[in-house]
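Visitor: Listed below are the residues making up each chain.
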Amino acid sequence: MARQNVTIHTTRPSDTKPTPEDPSWAMVIDLQKCVGCDSCTVACKAENRTPPGVSYNVVVEEETGTYPNVRRVNLPRPCMQCDVPPCVSVCPVNATYKNSDGVVVIDAERCIGCRYCITACPYGARSFDFGGTYSDEMQGYTDVQSPEYGVQRGKRGSYTPPVGTVRKCTFCTHRTARGEEPACCETCIGDARYFGDLNDPNSVVSQLAASPRAFRLREELGTEPRVWYLR
Amino acid sequence: MSTASRARGIPTTSPQRSHWWSRDPNTAPFLNPRARTIWYAVLMLALAVGSWGLYNRVFGGLATTDLTSTMPWGAWVAFYIYFVGLSAGAFLVSSLIYVFGMHQFERIGRAALLSAIVSMGVALCFIGADLGRMERAPITLLFFHWTSPLSWEVRFYTLYIALLIAELVVAIRLQKRLVRSVEAAHRTMRILGTIGVPLAIFGVHGGTGTIFAVVKARAMWAGGLFPVIFVISAMVSGTALLMAVHYWQARGAGRVPDRALIRNLSTVLLAAIFIDLGLTFYEFIVPLLAFEHHDQSIIMLQAFGPYAWTFWIVQMFMGLLLPAAIILSPLKKRTGALVAAAMICVIGIIGVRFNIVVPPLIPPVIEGYPTGDYFPTITEWLLSVFFIAGGALVYSLVSEWQPIHEPDPDDHAAIAADAGMPDAELRTEQETI
Ligand code: SF4
Ligand code: SF4
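Which chain is which? The protein sequence lines are U and W, in order. For the first sequence, the residue numbers in the numbering used here are 1 to 231. For the second sequence, the residue numbers in the numbering used here are 1001 to 1433.
Chain U extracted, bound-state conformation (with noise of 0.2 Å):
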């Protein structure tokens, strides 16, 4: 139990201080390996059932160069779970704290809407909650709602949280807390997204985020992301 992560809406960052036994989780994204198949994009939006202009993860698709030498780079992108998070550190209420397994949080009873940490994150990860529905598209959208956190929420309502709150990725803790992968890395066709405890030295994610090839973005803002992309 001591990973479950479902108390996290009631607890605050004076108490999620990590300790030994928890785990300190990252993912490291093979640029080499992304294929631009947007896989993960469709497969977060299925698993968070987020509603219209909410994605917690997307994949930029670059193209640098004049022909002939043209490079295309896809850009997967998921909240970075800063470990010294812009985000977090201008939310007037404490409703955003960094989680003691390392993830970045944001709690829906708590977040006045103030949009300030969207303007604050140098990652564009953060979108607000509108209150959109697919329901025009989509049969029984509104009839349930992603388990994030661990909080069972019911049926989407047009002014219940987290309508009108701000809402990013969570590395899905909901499935991290019964040991499952985030959505997107389970998907991922062309297996170019690895998930793990920075914690243990001998996991996947500590040796590759090593690696020479590893980098992370806007590094010089000091941010310290905990996703690592390999060039």
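Keep in mind that the hints were calculated from the coordinates and are not lab data. Where hints are given, some of them may not hold.
[Unchecked claim] Derived DEER-like restraints, expressed as beta-carbon distance ranges: (1) W:Asn1032 with U:Thr133: 50 to 58 Å; (2) W:Phe1202 with U:Gln32: 48 to 56 Å; (3) W:Glu1292 with U:Val42: 36 to 44 Å; (4) W:Ala1290 with U:Ala214: 24 to 32 Å.
[Said to hold, decoys possible] In silico negatives: residues of chain W with every beta carbon more than 10 Å from chain U: (5) Thr1027; (6) Leu1047; (7) Ala1324; (8) Lys1332.
By construction, the Cβ of each residue, glycine as well, lies at the ideal position given by its N, Cα and C atoms.
Once you've looked at the hints, dock chain W with the ligands against the given chain U.
Guide: The following block gives chain W with the ligands in isolation, referenced to the frame of chain U:
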């Protein structure tokens, strides 16, 4: 003693006025009947039209705005910092009187304090409406996060409003001579004002600038110059607002606006504009010469983007250059021209605030993301009209009830001017009596 000066509320014999809050029957009306009808009709119309925006916001949520997750802040945040600026600026003008003893501005003291309170209220309405979950606004006082400037701000605003109200109450009691000793009341005003000056500069307005300045993810916001620019442009807009308020209230009440006061305020305005221009120069030249490409893309957007007119015409021309030119030109001899300059400036500073909020959010934070695109919707405009008209209404009602625009009973020059006679004449008249 002339009837005119008695009508001005000089409490030579003041029997039954025992509370500061009761209305003094001798107080001159805030507006004369015709001006009153027109003014309240305009306000009611604005409120009626604007209430549609309020309805939409309350029942439609933020989906009725043009905001997205790419453009998280827009018009309401811009108006919020605009009104915080007006408030801080108006308060700083009042401190010129009560703290720094510049009695040439005495006449505008209570109006400045009331404007500061009302502007702050309007600012809070704007930021409240901008919250995704409005009903949770009070919890910002419950939970404190020391690294968040916004968390500090909520507390500073509360303190600041409390202090402003206290200062206004003392000022009103002083005006009505309900205080035990005039000197002691002046001292209280000075103490409150002295606490208020750093609170307004560093806490309220510099602090609001800090909200933006700490965001290292966004070029042009991040940096130490930003809070300073906030304070100076607050001075610009606050001073200009008070010039316009004094002039139009006097006209509406059928009095002669105090020319000397407006002249003196225009000097303060000019100084603030010059400092603001200087800081704006540094704000742009440094990133340009440093070839900071993030900053440059935002500057290019401001200067040549689709809304470049808000930068060149509203912010630079109306907000700064035109008012400065009018105040420097021979037109300055005409009170009307100075007030026109002030009003143009008050509107122009809205452009400054929009250009602070919107352009830095437009370039994508990571190459390949969509570019932001934003223009306020009808709901956003209408709700803004509603809040601004609401603020004007509250200001007017308080001025109807309390002697906000009355001169101090000892200010014979102002009273004489109000009664339409030169000071000297009144003096001799009094002496003969
Ligand atoms: S990527 Fe953005 S949202 Fe995620 S932890 Fe970092 S700053 Fe916060
Ligand atoms: S939107 Fe919510 S999580 Fe983000 S800073 Fe505001 S209160 Fe905190």
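Visitor: For which of the previously enumerated hints does the structure constitute a violation, in increasing order of number?
Guide: none
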